[in-house]
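Read top to bottom, the protein sequences are chains P and U. For the first sequence, UniProt numbering begins at 1 and goes up steadily by one. For the second sequence, UniProt numbering begins at 1 and goes up steadily by one.
Careful, some of the hints might be misleading.
As a list, the in silico DSSO-like pairs of lysine-lysine whose alpha-carbon atoms are at most 30 Å apart [unchecked claim]:
1. Lys-481(U) with Lys-447(U)
2. Lys-79(P) with Lys-99(P)
3. Lys-157(P) with Lys-124(P)
4. Lys-413(U) with Lys-124(P)
5. Lys-413(P) with Lys-124(U)
6. Lys-124(P) with Lys-447(P)
No lab work stands behind these hints, which were simulated from the structure alone. Computed from a predicted structure; not experimentally measured.
These are the residues of each chain, in order.
Protein chains: 2
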Amino acid sequence: MSDTAVRTGRRARGGGGAARRAERTAVSVETAKYIERNVPNFEVLTEEALDIIEANAETVLAEIGVNFVDNPDALALWKDAGAVIEGERVRIPRGLARKLCSTAPSEYTQHARNPERSVVVGGKNLVLAPVYGPPFVRDAEGGRRYATMADFEKFVKLGYMSKWLHHSGGTVCEPTDVPVNKRHLDMLLTHMIYSDKPFMGSVTEPSRAQDSIEMCEILFGKEFVQENTVMTSLININSPLTFDSIMMGALEVYARNNQASIISPFIVGGAMAPVSVAGTLTQVMAEVLAGVAYSQLIRPGAPVIFGTFVTSIDMNSGAPTFGTPEASHITYGAGQLARRLGLPYRSAGSFCGSKLPDAQAAYETANSLQMGLLSGVNFMLHSCGWLEGGLVASFEKFVMDADQLGTLHHFAKGVDLSENGQAMGAIAEVGPGGHYLGCEHTQANFKTAFWRSDLFDYKPFETWDEEGARDTQVLASARVKKLLDTYQQPPLDPEIEARLRAYVAEKKASMPDAFT
Amino acid sequence: MSDTAVRTGRRARGGGGAARRAERTAVSVETAKYIERNVPNFEVLTEEALDIIEANAETVLAEIGVNFVDNPDALALWKDAGAVIEGERVRIPRGLARKLCSTAPSEYTQHARNPERSVVVGGKNLVLAPVYGPPFVRDAEGGRRYATMADFEKFVKLGYMSKWLHHSGGTVCEPTDVPVNKRHLDMLLTHMIYSDKPFMGSVTEPSRAQDSIEMCEILFGKEFVQENTVMTSLININSPLTFDSIMMGALEVYARNNQASIISPFIVGGAMAPVSVAGTLTQVMAEVLAGVAYSQLIRPGAPVIFGTFVTSIDMNSGAPTFGTPEASHITYGAGQLARRLGLPYRSAGSFCGSKLPDAQAAYETANSLQMGLLSGVNFMLHSCGWLEGGLVASFEKFVMDADQLGTLHHFAKGVDLSENGQAMGAIAEVGPGGHYLGCEHTQANFKTAFWRSDLFDYKPFETWDEEGARDTQVLASARVKKLLDTYQQPPLDPEIEARLRAYVAEKKASMPDAFT
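Okay, chain P solo, but in the shape it has when bound (with noise of 0.2 Å):
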C-alpha cells in the first residue's frame, strides 16, 4: 500500500524502510498540469465574418431544420420547447437554440481518481487525450494489424507514463477481439485500473452508457458521481445535420447524470458539408447549436463541449485529407465561435493520412497540433498516436506525438518579462563579442529555459553515426518498449478493484457475446 501510494507522489500513509525502500527503487511518473495558456488566441475571422456565419447558423435551423431520427421523446421536447416538428425534422425558431445553450457551463472540472490529475475544461486551458477509435494497430516490428485487448492496455499504459497527456481518452483502439456488445466493459476497466487519469465513457449503446455510470459509481462513490463530472465522452452529428437514437441515447444518459460529453460535427469536407469554409462551418455551428441546446433539454446545466471533428478531402481519390489549411481555417473559426457561444471547445488532433510514422506524418501532425494550441481549443481527443486518417494507432506514432505535446505546454507559458526574464545584466556581463555560455544568467536558468524533446536526437552527426544512423521511428520503438518496460500500475484501493472486476464479469455473463 504505502509502496504504490508513493509511486504517485502522495504521502505514504504506513510503512517505515519498506516504504523508503520503495521510494528510492519507484519510477517516477510525471504528468504536466492541464495547460493555462497565457499567449492570444489566433483569429482569422473578423467580428463581421462571425456575425455572418451565426446569422446563416439560424437560418439553417428555422427553415431547414435538423432531423432528430427514431427518437419520439426527442421531438416531444423539442416542441415543448417551442420547435416546429413535421416527421422527424426539427425546425428550430432564432434565437431559440442559444438560449437553450445559455444554461451550459462556461468551464467544468472532470474528476480524475487521483485528484492531482482532475482537469478543468473551458476558460484559456488545454486538455490533452489521446487516438480514439482506430480499429488496427501499427508498430515497427508486427506492422499493421486488428487492434486487440492487449494492444488497448498498452496504449493506456503508454498514456499514463506520458508526461504531457493529462487524459486516459477512451476508445484508444477498438479491442476487437472482445465481442462488440463487451468490449466497453473491458476498455473501462482498463483506463480505471491502468491510469489515473481521467478517462471517457462509452457510446455505442444508451445501456453502454449507463454501464459506464455504473462503473464510475464503483470507483468514485454513487454520491460522488452525480454530484460532480467524472466522464467526458464523445457524442458525434451524423453530419449533416442529423442526430442519431444511438448517440442522443448516450448524450441523453449521460447529461442525465451530469457527465460531460462533447457534441462534435463528423465532417470530411465536400461530403458531410459544403466544401467552402465559411458553409462548413455554418453548418457546424448549427449542429453545435442544436445539440448543446437539445442537451440543456436533457438536464439544464449538463456540461458539454463545442466539438469540431474536419478534415479537406482530395478530390481526385475521395480520401479526407489533414494537416491543410482549409482545416486550419475551420477550426480557427469554430474556436471563435465556440467562446463567443460561452462553451469550452473540442478539436485539432495528431492528424495525419500517412500509412507510416515518417515525414508526411509528422508534417500534417505538427500543424494540426500548432493550429490546434493557438486557436483555442480546450480538449484535444487524438492529440497523439494518430495514423492513417485514424484507420490505426500507431505505437510510435503515440510516444512521437506525445513529445510533441511538450512545444504545446512551453509556447503557451509565454513569455517571461520579469527582470529576470529581461537579462539586461546579462547582456551588460557579456557585452560585444562575448559569449553566454558561462555567464551567471545562464547558469541559473539553462535548466528550465528551453523546451527538449525526451525522444529527438540531437547528437552530433558522427555520434549518431556510429549509433546506427537511427531515425525517429527507430527511437520511437526503444522509447516505447522502455516505457512499458518501466510502467508500475497506480495504486487503487484492492477493494475498489474487485467490486470493478466482479461488475465486468457479471455484465459480461449476462448476456451472450455480439459481434456487430
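Go by the hints and put chain U onto chain P.
Just chain U now, kept in the frame of chain P:
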C-alpha cells in the same frame, strides 16, 4: 528562341509550326505569386512588453554599445552621426539609431530577369527562398557528402521547378570543389542562367559583392541596376553586438548600389544571446537598430530587412535545436518589433536538427514554417531543403518542404465570405442526412477548394502497400528525379549569357585559386 519563350509563358516572338509544336510538348513551369496575406499576424507580446524591450534595446545601445571591428570608416561615420566612440566601441544615444532607421523603405521590389517573377518584399507579403549555406548535401542514394558545383546546379534547377518557391536564393549549398575565392562567380552564373527567379549576392568579401553587382549589370543593364533593386543579400551580425568588417564591407557595397541587405543577428540562444526570450529579443532589437542605422548612414533609403536567425540550444550537448517553442516566441516577438519599426522582416525557415528527412525533421520544420507564416515574416530564407542544423542541404527534404510551402499559400488566402463561400444554397439543397459530393456547389468549387500535396500519398492502404509501401523520403527521391528530368532552361538572350560567361572566365583567370 520562340521555343524557350513559350516555356515561360511569355508570348513567342516568332516561329510558326515549330513554335506551336514546342508549346504542345513544353513542360509547364508554374510559379505562384509571392504570398499576400489576407490573415492577421499572431502577436505573442503585449504592447507593454514591446515597450519594455524597445526601451531596453536603447539602453543596450547607449550604455553597452556595439563594436564595429577593423572599420575606421564606419567609426568616423558613426561619430559624425552623433555616436560616442571609444576604441571600436560605438555607443549610440537613445533614439539616434531609430531615427536613422526611418529612411529605410518599408517595402521594396526585387526585380527578377523575368518580370513575372519579381517580388515585393514587405507589407503583408511573404517571399520564399531556399536553404542557404550548407557545406554538405544528402540524398537517399548517395548519403551525406561534401557539396559540389554539380549539386548546386541541381538545387537551382529544383528551385526553378518548385511552384511555391518565389526566389532562387543564394548559396543553396557550398560548392566545395570550386576555390573559395571563385565560387561566388559560378554560383551567381548558375542562378542567372538556370533560373529566372530573383537571387542573392555574395557577401564573403566586399570585392565579391562588387563582382555580384557587375554581373547584375550585365544581366539587367547598368542603368537598371543603379535605379532598381535586383539582389537581396544576407548580412549576418556577429552576435553579440559585433559588426565585422567583411560583412559590413559587403553591406557597404550593396547599400551604395541601392541593393537590398538582410541585417540579421545570428543567434543560438544561451550562447550568442541570453538564455531568455525577452533578453534575446532585446539584443536582436539593439543589433538590428545599429545595423540598419549603419546602412542608412551609407546611403539613406537603401533597402534593408530586419533579420532574425535564432535557435534554442540543447544544454546537454550544446547542439542548436529547432522547431522549439522558445524559438517561436522570439520569432513572433521579433516580427512585432519589425512592424513597429516599419521594416520588412526576415525569419523562420525549414529548420530542423535531424540528420535524416524523417519525422523529427518534419515536426521541427512544420513548427517553424507555420510559425513563420503567422509571425508576419516577409522574406523567408531557408524555406526548403534545410537539414541537420543547416550543415546539410537535402535533395529529398527540398522537395518535401517545397510542397509544404503550398499550405502557407492557401492558408494566407483567408476565408472566402462571398455568397459562394457561404454556400447556403448547398446546405439547403443537400439537407439533413444528404451528401455533398454530388451537389452543384461542390461540383463548381472542388477543384480549388482544398490544397492538395503534390508529393504525399493519399491512396488507400491496399494500393499503397501493393505499390511498395513507400515512405515520404522514397516518394521525394522520385520527385527530385522527375523534376530534374523534366527541367528545361528558361530563355536568356545568348549574348547576355556569353558576356556573363566571359566575365566569370576573366575574373577567375585574374587570380590564383584560394581555398580559405
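Now the hints, each set against the structure:
Proximity of Lys-481(U) to Lys-447(U) is assessed by CA-CA distance (about 27 Å); at most 30 Å being required, the pair is judged to hold. For the proposed pair Lys-79(P) and Lys-99(P), the alpha carbon gap of about 15 Å is at most 30 Å, so the pair holds. With a C-alpha separation of about 28 Å, the suggested pair Lys-157(P) and Lys-124(P) falls inside the 30 Å cut-off, and the hint holds. Between the alpha carbons of Lys-413(U) and Lys-124(P) the distance comes to roughly 28 Å, so the proposed pair stays at or under 30 Å and holds.
A C-alpha spacing of about 28 Å is found between Lys-413(P) and Lys-124(U), which places the hinted pair at or below 30 Å, so the restraint holds. Proximity of Lys-124(P) to Lys-447(P) is assessed by CA-CA distance (about 26 Å); at most 30 Å being required, the pair is judged to hold.
Of the numbered hints listed earlier, not one is contradicted by the structure.
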